[in-house]
Each structure stands twice: as C-alpha cells, then as structure tokens.
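Chains as they are written, first to last, in the UniProt record's numbering: chain A, 1 to 442; chain B, 1 to 442; chain C, 1 to 442; chain D, 1 to 442.
To be clear, the hints were calculated from the coordinates, so they are not data collected in a lab. Hints may be right or wrong, so weigh each one.
One copy or any two copies: either way a pair holds, since identical chains are not told apart in the list.
When the alpha-carbon atoms are kept at most 27 Å apart in a straight line, the in silico DSS-like pairs for lysine-lysine are as follows [stated by the list, open to error]:
1) K419 to K217
2) K361 to K330
3) K219 to K167
4) K361 to K167
5) K330 to K179
6) K3 to K330
7) K229 to K167
Just so you know, these numbers come straight off a predicted model, no measurement behind them.
There are 4 protein chains.
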Amino acid sequence: MEKGLKIAVIGGGSSYTPELVEGFINRHHELPVRELWLVDIPEGEEKLNIVGELARRMVIKAGIDMTIYLTLDRRQALAGADFVTTQFRVGLLAARQKDEAIPLKYGVIGQETNGPGGLFKALRTIPVILEITKDIEELCPEAWLVNFTNPAGMITEAVLRHSNIKKVVGLCNVPIGMKMDLAEVLGVEADRLEIQFAGLNHMVYGLDVFLDGISIKEKALAAASDPGKQMSMKNIAALGWEPDFIKGIGVLPCPYHRYYYKTDEMLAEELEAFETTGTRADVVKGVETELFDLYKNVELQTKPEQLEKRGGAYYSEAACSLINSIYNNKQDVQPVNTKNCGAIAGIPYDSAVEVNCIITKEGPKPITVGELPVAVRGLVQQIKSFERTAVEAAVSGDYYNALTAMAINPLVPSDTIAKYLLDDMLEAHKDYLPAFFHSEKA
Amino acid sequence: MEKGLKIAVIGGGSSYTPELVEGFINRHHELPVRELWLVDIPEGEEKLNIVGELARRMVIKAGIDMTIYLTLDRRQALAGADFVTTQFRVGLLAARQKDEAIPLKYGVIGQETNGPGGLFKALRTIPVILEITKDIEELCPEAWLVNFTNPAGMITEAVLRHSNIKKVVGLCNVPIGMKMDLAEVLGVEADRLEIQFAGLNHMVYGLDVFLDGISIKEKALAAASDPGKQMSMKNIAALGWEPDFIKGIGVLPCPYHRYYYKTDEMLAEELEAFETTGTRADVVKGVETELFDLYKNVELQTKPEQLEKRGGAYYSEAACSLINSIYNNKQDVQPVNTKNCGAIAGIPYDSAVEVNCIITKEGPKPITVGELPVAVRGLVQQIKSFERTAVEAAVSGDYYNALTAMAINPLVPSDTIAKYLLDDMLEAHKDYLPAFFHSEKA
Amino acid sequence: MEKGLKIAVIGGGSSYTPELVEGFINRHHELPVRELWLVDIPEGEEKLNIVGELARRMVIKAGIDMTIYLTLDRRQALAGADFVTTQFRVGLLAARQKDEAIPLKYGVIGQETNGPGGLFKALRTIPVILEITKDIEELCPEAWLVNFTNPAGMITEAVLRHSNIKKVVGLCNVPIGMKMDLAEVLGVEADRLEIQFAGLNHMVYGLDVFLDGISIKEKALAAASDPGKQMSMKNIAALGWEPDFIKGIGVLPCPYHRYYYKTDEMLAEELEAFETTGTRADVVKGVETELFDLYKNVELQTKPEQLEKRGGAYYSEAACSLINSIYNNKQDVQPVNTKNCGAIAGIPYDSAVEVNCIITKEGPKPITVGELPVAVRGLVQQIKSFERTAVEAAVSGDYYNALTAMAINPLVPSDTIAKYLLDDMLEAHKDYLPAFFHSEKA
Amino acid sequence: MEKGLKIAVIGGGSSYTPELVEGFINRHHELPVRELWLVDIPEGEEKLNIVGELARRMVIKAGIDMTIYLTLDRRQALAGADFVTTQFRVGLLAARQKDEAIPLKYGVIGQETNGPGGLFKALRTIPVILEITKDIEELCPEAWLVNFTNPAGMITEAVLRHSNIKKVVGLCNVPIGMKMDLAEVLGVEADRLEIQFAGLNHMVYGLDVFLDGISIKEKALAAASDPGKQMSMKNIAALGWEPDFIKGIGVLPCPYHRYYYKTDEMLAEELEAFETTGTRADVVKGVETELFDLYKNVELQTKPEQLEKRGGAYYSEAACSLINSIYNNKQDVQPVNTKNCGAIAGIPYDSAVEVNCIITKEGPKPITVGELPVAVRGLVQQIKSFERTAVEAAVSGDYYNALTAMAINPLVPSDTIAKYLLDDMLEAHKDYLPAFFHSEKA
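Start from the sequences, fold in the hints, and give me the full structure.
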C-alpha cells in the first residue's frame, strides 16, 4: 500500500460519487488515493461519464495526484484494488419505484430497506454482490469491501454467510445523521457528542448518548421526542414520537423505526405522498435529473450543495472516514455493519449487526454491548429473522422462502396479502430475478 | 403423600371445575385425591356453591373416597395442600369484555392473552398470583402450583422471576387441542400422534409431527393448511392458512398465530363479530349462564357435554394428567410452560417457554429443542420481549413500562394509538390495578 | 423395517459379542432381528469364527428366527442394515498396551480414553470410523450407527463434525455401571433408581439421584464417598473419594474421574500394577484368551459368566436396550452420547455430550440440563477442548494439533513431556497413523 | 471533578507507591490530582510515613499543586474521592510466605494468584474488599475503584457479584509486561506494538500481535518460544516454551501460564529455589527492606530504579494510565479486568475477564473477542470455575466450597492432598479468616 492506493467504486456513475471524491480529496494528506476507478454498467454509461468528468475537474482543482478512471469493465477496476466500494442499484430507480408503489396497492408500506421493498431489493442485489465477492477473491483478495448499497444489513449478512470474503464492512449514513441531528437539536458541536449505537442496519438504536464523555441520555431522549424538534432523514417523514414511549423504551430510535413503531401513521403519510408527489423513488428521480444537470456544467469543480437533498447525506463521508481509519489504523470508534461475534447478546454469533466498532488496520472490532434492553430486543430479533430468511431466499431462489420472508415482515399484515404481494412483485421484477424464474421452472 | 392428596383449586367456582372433578375421578385408582378444596372470592360464592354441589354429586355417583370442600378462605384451602391449581379471573368476565372491546374502538384486536387485552389481564392477575405464591411458600411449601389462569405464559414468567416458588407449571389446552384436531383431520387415533411443541404460551409451534414415532411432517403441514380442513379453537375464527406459507415456515402454527400472521383478516372478523354477537366475553357469558343452569339441576351427576363449547376443552384433562404424572413419576411427555434453561436456543435462560417436557416426580424437565427455525424465531422472541415488559409493568406499576409493552405488541400499530389505548384501558380497569393508581399518585 | 431387522456388528469378533447376541435373543419378542452380520478384519478372522459359532449355538438354543452371518466384507454387512454397531479396536490390544505403557515411562497415566492413550486411540480410530460413515451413507443411509468403540465421546464428536451421517449415537457402560453399583451400595433394586447423568463420555456426573422419583442426592453422595463402599469399574482402581470433597462438588463422580481428581494416587497405583501385572491391556489379553477358550467349547450355548470380568459389563445390554427403544419408539430415558444442542449450557452447541435422553424412533432427544454446577463445569469444558483438539488432529494429521491436544490434557504435566511423549507414541503407532506420516512428508 | 481530583490509595504504605506518585506527577498537565490520600493500617504506619515523606519530596521537586495526605482512617480518605486504588495485602508478606511455602510441603506449587496460595489470598482479601465497597457506596459513590491487589481476577469477580459498586476495574501489570518484553525481543519500539489480550487475570493470552497495525503473529510466536529469548516476569522463572507447542496453540501465553503448561518443571524450580533463597515472599521481603532503606534517604526526591526489581514493574504506570483515560475520556485501548458481557464467548456473561477495552469516561468497554481458540479455552474455563468457587467460599466461609476450590485447582493433584493442604493452610491463616472459623463453630 505504500505507493498509493487504488480504489474501485462499483456503481461509480451514482450521483453520490462527487461526495466520495470530495472525501478523498480532503483526506489526501493522510490517505494517498492514487487511482480512483469508477465502474458502471452499460445502462449507466452516460451518467458515469458525466460524474466522471466532474470528478476529474474536482481533482484538478484540488491539485492532487489522483487519477480518475472510468470503465464498464468491473474486473479491470477490481484488479489489485485496495478498497472496493459498492453503491450500485440493480434495476435502477425504476425498480425502487416498484418496490415502493406495488405494496401501497395492498395497503402496505414498501420500505425499500427493511420492508417488502427491501426484500425485493435484497433479492435483486445479493446475487450480484456475491458475484462481485468472487471477483474480489480472485482479483484483489486483500481488498476491503465497503458496501453502501442497500439493504446494507442483508447484503453484509449475505457476504458473511455465502462468500469467502472476510474483509467486508457495511456502511450506513443513518448513525451519522442521527448524531448530526441530535447535535443540532441539543445545540452542541457534533464532535462533542457520542452515541452508543447498536442494532441492525436501519434498525439501530442509540443506547446511550454522551456529551464530552458524560452520559446525557435522559436529556437526549427528551430532545428526541420533543414535539417541536422532530428529526429525521431527508426521505422519512418526521412524524413525532410519543415522549412517554421514548421514555419507556429508554433508548434513541432511528428514523426508520417510525415504520415499525408508527406503522399506521407512516402508511397514511406514504399513501398521501403517493397521491401528490409519487413514491420517494419518483422524487429522487427528479432530484437526480437536477443533479446531473448541475454535474454537466463544465464550470462546476466542486460537489454541489444540492447533493445533500438526495437523502444520502454523509454516506460518502462515512465511507471515506472508514477507509481512512482502516488504512491508518486509527482505532477510532465508528458504527458499521459487521459480524456480531457476541457483541450483542441474543443476536446470532454469525450474523451482521450495526454496532460501534473500533476501526483498525485489520478492520472493525465491535465494542461489546451485552444485552439490548428487553423492550427493543424483540423487534431487532424479528427483523434479523426476516433478514436471514430474505438472504436465504435470495441465494436459493426458493419461492417458499421468499413468501415466508414477506409474511413475517412486521409491515405485512397477513399471509394472504403476503402471497398476493409477493406474486405481484416477482412478476414486476422478473428480469432481475433469474434464480426465481429458473427455480420455478425446475 | 402416602395417605392421599389434598388439592386446592383457586377459582374453584369456575365452570371448568366439573371437568377437573371428572379427571380426578377417572384417575382415582392411581391418583388418590382425598380432599378437593374449591376456593373462591365472595363475588363468586353463588357459583362456587352450584359447582361444588355438582362436584359432590359426581363424587357420590363415582363412589370414591374424595371429599369436596367449599370455602372463601384461601389460606385454609392452601394449608398442607399437595397441589394448587389456579383458574381464577380477576375482574371476572366483565373485565375480559373490556379487554376485548376497548381495543376494537382503536381498530386493534384485543386478544385476551398475547395482545392488548392480554397485557391488561397480566396487569390485573400477576399481583394476585404473587400473593398466592407467598401463601404457598408459607402454608404448603412442597406443593406444586399448576396454573391455568391466562395469560399462562406471562404468569409463569412472573412466578419464575418474582416469587420464591420453584414448583410452578403453566398449563394450556392449546397443544392438546392441536393434537386432537390434527388427529381428526388426518383420520388417525390421537394417541398414535405426537407433536414436538416449542415456543411460548399461545405462541407455540409444532416443530414436527410423528405418527407411531415416524415423522409425517410434510403430510401434517399439508393437512393443516388444507382449505377444506381448517382447525381452530372454539374461540378463534378458523380462517384458512395459505398453504404455501405453511410450507415456507415448515412448522405447524397454533390457532392463536392467526392473530399475528393474519392480522388484517382477524381484525375484520372480530369487528364483524362484535357487531353481531359482541365480544367473545359476551358469548362466554351466555354459555356460562347456560352451564350454571345445567349445573343447578340436582339430577345432574356428571360433567355435561355442553362444557366443551366453553373453549376450554381439555384444560382440566391436561391438568389432571400433569398432576398424575408428577405424583406417579410417569416420565411421559407433556407440553407445559416451564423455565427454559437452554431448551430453546435464543430465548433467555430464565424465561418461561412452552415446550415438551418429561414429567417426573420432581416436575417437568424440558426436552432440548435447540434452535427454532429462523423463520419463526423472531416472532417468538418479540412476544417474549412483550411478555417480559408486561411482567415488569405488572410488578412495578410503572406507567412507562406499561406503555412500552403496549406499543411493542405486534398487534398495536403505533406508539400514539398505544398511548390512547393504554390510558383508556387503565381507566377502565382502575379498580383492579392498585399498583398503577398508587404509583401515579406518588 | 416391518419384515425384520438387519444388524451389522463391526468388530464382530470381539469377546463382547455373546452379550450382544444374548441381548437380541432376550428382546426377540419385540425386536425382530432376523439377520445379525458379524464383520471383522482378516487379522480377526479366527476370533470371528469362534465367537460366530458360539452365537449360532446360542440362537439355536433360543429357538428363534435369527441368522448369524460371518464376513470379512464390511460393505456386504452394511448393505441395507437397519442398525450398525461398532466395537472394533484399531491395532488390537497390542496398541492399547502401548497406549498405557508408554506414558508410564514419562510418569504419566496413559488412560486409554481421555488421557494420552485416549488421544492415540482417537488418532487411530477416527479415520476408520469416518470411512465407515461414508459406507453407511452409501449402503444403508437410513441406518442408526450405534458406536461403542472408545473413546466414544471423541468418536461421536468426529462423526457429528466430519461426516454426513446424522443418525449416530455413542454408547458407554459407565452410567449403567454407576447405577448398578449405587443400587448395590444403597441396597435397593436398580430399577427403582434413576440418575440424572450429564457431562462427557468417561467424564459424566450424576447431578441428582432419585429413588422412586424422589431425590436422595445427599444420601447417594454419602454412600458414594463412604470409605467402606467404594465403587468402580472393573478396570479402575477403587480408590476412595474424600467424603468432604464429594459433599463439596455436590454431584456423583464417575469412576474415571479418579484420574483427574486423584491423579497422584492413580498414577502410583498404575505404576505399581504395571510392575506386578502389567498394563490393563495385558490383563485383558489374559482374560480374552481365557474367554475364547471357553467360547471354543462346542457345548457352550449361552454367554459365559466370566465375560463380566472383561470390564465391559452392561455394554451390550446398553446397546440392545437403545436399539430396542429406537425401534419401538419407547420414549424411555437412557444416557447416551449425542449432539448437545444447548442441553448442557457452556458446552458448544455442536459438540457431543453424554446426557440423559428420551429415546424415540427418531433417535435420542437430550433432556435439558441447564448449567452444570460451577465446581465441575471447568473440568468438563477443559476435557471438551482436549477432545475437540484431538478430533482435529485425527482428521487433519497435523502434528501441532496433536501436540496441543497432548499438552492440554490435564494428565500431562508439561509441554516438554508432551512433546517427548507424543513423538514416542507417534513412532510406536506409525502403522496406524497414515495421515500423520503422510502429512509429515508433505 | 473540575476543581481537581482526590485520589485515595488503600495500602498507601506499599513500596509501589512512589511509582504511582511519579505517574501522577508525569500526567499532571492533563490529570489534575490535587489530593493524594495514602491510607494504611496501624501495622503499616511506619512504612506509610516513610513512603509518604518520599512522596512529598517528589511532589515538591516536581513543583506541582498536589497535596499528600497520610492517614490510618480509611473512611476519611474515601470521603468524596474520585478514584480509589487498592494495593493492600491482608496479612502482609508473612501471609504470602505461608501461601507459597505450605503447598511445597505437599509437593504442590503455591502460586500466590491462581493456585492454592491464590485461593487463600482470595479468602483473606475478599471480605476486606467487600467492606471497602460498602464504604465507597456510602462515602464516594461516584468514585472508580481501581484494584491492583491480587488475585485481581477473583477480587473483580467478587466485587461484580457481591457488591453494589458498578465502577470497578481490576488492573494487572502482566499485559504491559508482555508487551514490553516482546518489543525488546523483537527489537521494536513498544508503542508500535499492540497485543490483542483476552482471558483471565494471570491467565491472559495474546491472541494476535500487531506491528503498526499489521498482524505479525507468526513472528511473535516464534520469538516468544525462541530458546534464546525467553521472557518472563521478575518473579517467574523464565523456563523455555516448546516452540512446537506455542505454534500449536497459536497464541502468546503469559508468564503465569508456565505454572499450568510446565507444572513439573516449575515445581522443581520452586522447590530448588525454596532450598536456596526461600519463597518469592522471602526474596520480596529482602527487596522491600532495601527499598525502604532507600526511601528513608531524605535526599531522595524521585522513584529509585531498584523498585523495578520488585516484580510489580509497570503496575502503577498501568493504574495512572487507566485513571487518566477515564478522566479524559481518551477512548484508547487498554487491557483490564472487567465484566465480560459476552465479549469472550464461553465465559459467563457476569464474570470478570481480562480483555482489551476502550477506556471511556464511563469506564472500560470490552472489545469483542468472540470464541477463544479451542485449544486454550478449556483451561481458561477451568480457572474461571476455580475462581468462582473460591469467591463463593470467601463470601460464605463454607468449608466444603473451599475444599472444592482447592481440589479443582489444576495445580492440586488429588482430593486427598487438597484436604490436607486446605486444613493446614486454614490453620495457618486462621487470624485472617473469621468467616471460616465462625462458620465452623456454627
């Protein structure tokens, strides 16, 4: 690694890429990225070129020694890479649109990460990520795979259980977003704040909150449920928490918990939004078009501020920070998705969890959590059952597994609705689910 | 014990009692019950007398040496007892009616055992059972407590965690009912059939099914989901399972699982029933009136057949069979609620589970299950989280715990609805919840 | 299985075989063994013929429909078998003699099951048993493998971890011997006595003792440590336990525990015995010669009483009883070696344990034990570490693994002695350890 | 804490104290210790005065704002303290001399921390530490208790299980010593080296070794077993490891492991040393006399170099470093004794382990280890069984528990020797074991 790093970005044509490039530029003094390979599929070539040219302009402006490579050849990008980041979307936004819209027909929230939509995103994505891990094994076996393709929890679970890759980390912008929002609500500098994160991807709790190292949990919980200060992701309605409920569970929920603890209100909100602005995918499409219009501007030499509206704020920040800490053995604390190994009691030893880790040159090491509070443990365990069943379905292409995953998802209100919904979505996504349509025939 | 057994039946005025008496009569050759103490509260005195007289007529007809005692003095009944059975209902059927009706106002299933209704039944009952265990400790420390008061799972959990009594078993008629129904559907004698039960009370699965010792799981699952042969409890609508879902989970659900896997349909069904026949409590009230009219008939000397309509079929059969196996060290296999001790992986060691046990003179010993199938584990864990939170609320009288229990129950769709529902039910049941109304003031 | 059973006995020329034959004869009314195949290796052909002829005479005398087949072709014996029992000894008694004698040169007890001798017995035997399991997979995939070749614990562990066979049970005569001896010391009929067994093979404890179902633990512990009543196996010196120690651990040790809790005295005793009568293997050789002389007598038509001196009393009784309970789905309680699955907390889920099970047509199901008493848990865990390391060494042929197993065995007092001893024993047994001598070269 | 810290040192008259004082002086810029209270018992008053005067001279020379208080009144010292360190020795070196010498009479290594000597040190010390925790609860409930009195593992276990104090850390100089020695052997700067420590106190392993964040395990293991480079504590003979054994276990042992993996050689060495120089306690007495002679010198204003010979090198360094990291929320990694909470699989959740932690203002958080290698797990588990049994004996004063602890210790070769040894040591230490001599009478 001494002579500079090669980084391969799969799904490099993503609108997120400028943030990633900015992150590498800002850390160049200690993280010597020499080659940044942006790779995409033929359907994404136009976007790849637009975003790639912007990246080149950013690098030139920064005046650093980093070369941007654009390619449709994944194997070329992977060969000899030190880090591989994945931010691709199988089926593009059109698929997400279906993940979100079809369930609404049945009165069910789509939820593109842990819900029925997330199930289908997993079914489409896991076969692809497992192919990528085979390539990594062959072409860059020492590389770290830093995945931020959603559903990041299930993808990490799949890689842990069904690949030969050991060096994998799943990343999410939810924890960093929670911290930023909480800092804002509390009116303190974010870097004075620490949150003890534990749970699953998009199902993570802040078990405790520290200001300058001292627990301020009660204060943080009160702030988090203050009707006047509701925080959320850009893509999740900031419906207010019941203060007494937050006091009761005694931990900080993440924005995605609204789908599970406020199901009815969220469904109503989604149905209304669907009527007016369409699905979140529709909204994102608009944002993306706008972003790429900006990116095309040859005068633009920096990441445009509008990118933050995209919902993925801090994603690339998190990725660059993680890569930097691994490369420099920083041993700082970051929340990532990694193998549990007993860090969280009651979750299988071999499963992926999202938990604070110290980040070393040999990867993330989870800081022991012990038992989750009884009140929140059950939901985490139930989602883990869903995730594992979904992963099995993705790997096996088994219809009954897929139906089971759908039916046990807490957002799906019955086995019968599960079946109708599954059949409808299978049909809608059939081009991206060869295992299913092959196995059905067999 | 050599000189004959003393049995105390708390809630002895229950309409179930004749079945229990019949059970003791039938086993008298090997289970020498000499004293059967039926104890009730003043409000139940009339029923106690009716059912007690019937019991005496039954014993006389049987011509055995067993004396029926009727009393309102619980301590007298307990003194020196060998077995204590509990089948009381705090707040009587009027309370159950509220448990079932109030949630429906909010579009929520009441479910008097694992749902919001069950939460309130636990809040009312647990303080009473803990007082009983104190009496047992003092008055009959060697006695076995055989509880069939619902919610039997939470009550067993409470006794295990919050009393000094070690000899406690929770009983349920769901497993025996599942076996009887399955035998009927399969057209085989019930005693050739065995089911490997594991889970929680009213959340128990048949992990495997054996005919003459040989697994017939596939056949049993197909039968269980055959649209033409839907089985259920008397008190649960026999809505049909999706055959593909049953195939997917690969285990036999219990009738109560319909509330969790067919929530929407069950809610619709309950709402409709509520409009026409009222709650299940209302129906039971009618059945009870009818039963007590029969019981009053001085010609009646045996358990009337109508009792089976009551929904508690086999309950007393299960209780007598358990007591008999303990007394005679039969070492046969029976499904009961007992301390897990690792029998089911993934459920806390100290928690109550419902699982096949061998029944010895020293009580039930669970047969090791290992891991539950991934697909069903999560729901079991979630309900266990609910149960434990509910038990803590019952013991502490803590409002926030109670709200948490309500909000994390899978039948309750949001924290806000949980709060409205909780407040409404607390008010409705305030006479039976001194811990809450005391603690609120404090 | 309806038309009668085929049983294959690997190591059929063993002196134990007549007991096995007697067991099948005695159970013939309910266990219809039609074909009993005794198979051995060419070196054992003479013994096979002697014992086989005796078996035939026994069957004729009993007048039952059972045919004895003698063969050197293992695959022929296995084809279509319903049960396979294994009682072979790789390297014959000459190997055992080395297992016991070589360690004594280094001042170390050989202990042919859990000690250095047991390590080598495992290294020789495990590769053979794994070949047998491959044959079973191919030739009689529905058969139950009932192993009583020692070290039965490690062999069961090896089959569970390194074969595709699921239907395996390890058997030992230690528990039944403990029960018989205790009955004698207590002066009660053995069938009124039950012992709750838990631990590992030759490292099993009686956690509780019941007479007619009622715990008599204190009395049993006092009897077990009564200086006037010391019990043991035929092959283990009956050195007396310290009564206060037995009271302290609060459980009944097995005879083999003397090697670990009375190491110095047992070593002294073994060294003295070695001077006078040679190793236990030498003694057994004499007994065997004597037995085969008896077996040759064509007048002999029953199992001779002298067989009990052999040290394996009740072995075949245990095997026949187990086979009978499986075949007839008896659901009685027997202690066997099987997969833990959480039955004993603190021992790996996937490891073999020796524990009371109910015996069903689908095999043994462990009765949940929970936590072993703290005082004895550590030794059990340490021996399990030894067993697992030994199994890995046997499967891999890895020198360093083998050295590790030797050095961590509690009977071996140092890494340096371990190395000398290992090297000496490897050389002595090299003909039976192809994996090691192959892997050393590679 | 803003206005400066108060630190109470129980056993302040120890010869170690100057190192502690030096540590606080060196960190004064970031760790504002204003009051350092040295407290001791009347028998230690003379030493307390000598070491206290030296401490005062050291502070004056350093020119910092820190006041040294000397007192025999523990409660005065504790009142309002921010940190409490414990380095006392119940029975002084005379007791240690017995701990080491008496076992040798029976051919048993005394081993004053994990062996029979350690058992008695625990029996004497635990009642005292539990009294101290009661005082802390009352007088300085927010204080951290930093214990380095041995046996630190059992003392931490006792405080975790039998006190109401949550803020306790056990400290040991073994890990830091291993790191320093390994750095020397490898010829690298110690601060480039990290070791992943896991296990129990004086039973800790280096699971991996990193140089600049990159694993150099193979190289470190080879160095650790290089016959020319044997490392050890000052007080443990540096007997050489078998290189093949170290390769086999695949982890770095600690110096104390020699007692368990080289028992015979260590015993021989101790017996020989006993003949020539007496026990280690005798040697330490000489060193102490020499040290206190130095300390008396009013010219001396710094920690004398001879202190390092004492065997406790780095102890106070470790303590100051820990206190500093807690106070300043440094989040650096340090190996300490703390509650397991699942960090090491296979060790009870509630038990004390020695493991790398990140050190925060809220105390140490263990970094998840997962499964220990099979080969070393068993010994760790066995020692934990011993520790827990010893703690129970210390708390209960139960003779049978104490005998059990003695007999299951791996250094004790039989139950009979255990009993003789126990009785002899009980008698020798009776003045410091009121619970036992009281309970024996009762």
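> Between K219 and K167, at a C-alpha cutoff of 27 Å, which is it: within one copy, between copies, both, or neither?
Replying inline: Answer is between; shortest inter-copy Cα gap is 22 Å, intra-copy 38 Å.
>> Checking an output row: K229 and K167, CA cutoff 27 Å. Within, between, both or neither?
In response: neither (39 Å within a copy, 35 Å between copies)
> Is the C-alpha distance from K419 to K217 at most 27 Å within one copy, between copies, in both cases, or in neither?
Replying inline: between (43 Å within a copy, 22 Å between copies)
> With identical chains treated as interchangeable, where does the CA-CA distance between K330 and K179 reach 27 Å or less: within a copy, between copies, both, or neither?
Replying inline: both (20 Å within a copy, 20 Å between copies)
> Should K361 paired with K330 be assigned to within, between, both, or neither, using CA atoms and 27 Å as the limit?
Replying inline: For K361 and K330, the Cα distance is within 27 Å both inside one copy (8 Å) and across copies (19 Å).
>> At most 27 Å between CA atoms: does that hold for K361 and K167 within a copy, between copies, both, or neither?
In response: Close inside one copy (11 Å), not across copies (31 Å); limit 27 Å.
> Are the CA atoms of K3 and K330 at most 27 Å apart within a copy, between copies, both, or neither?
Replying inline: within (19 Å within a copy, 32 Å between copies)
The structure is inconsistent with hint 7 alone, although it conforms to all the rest.
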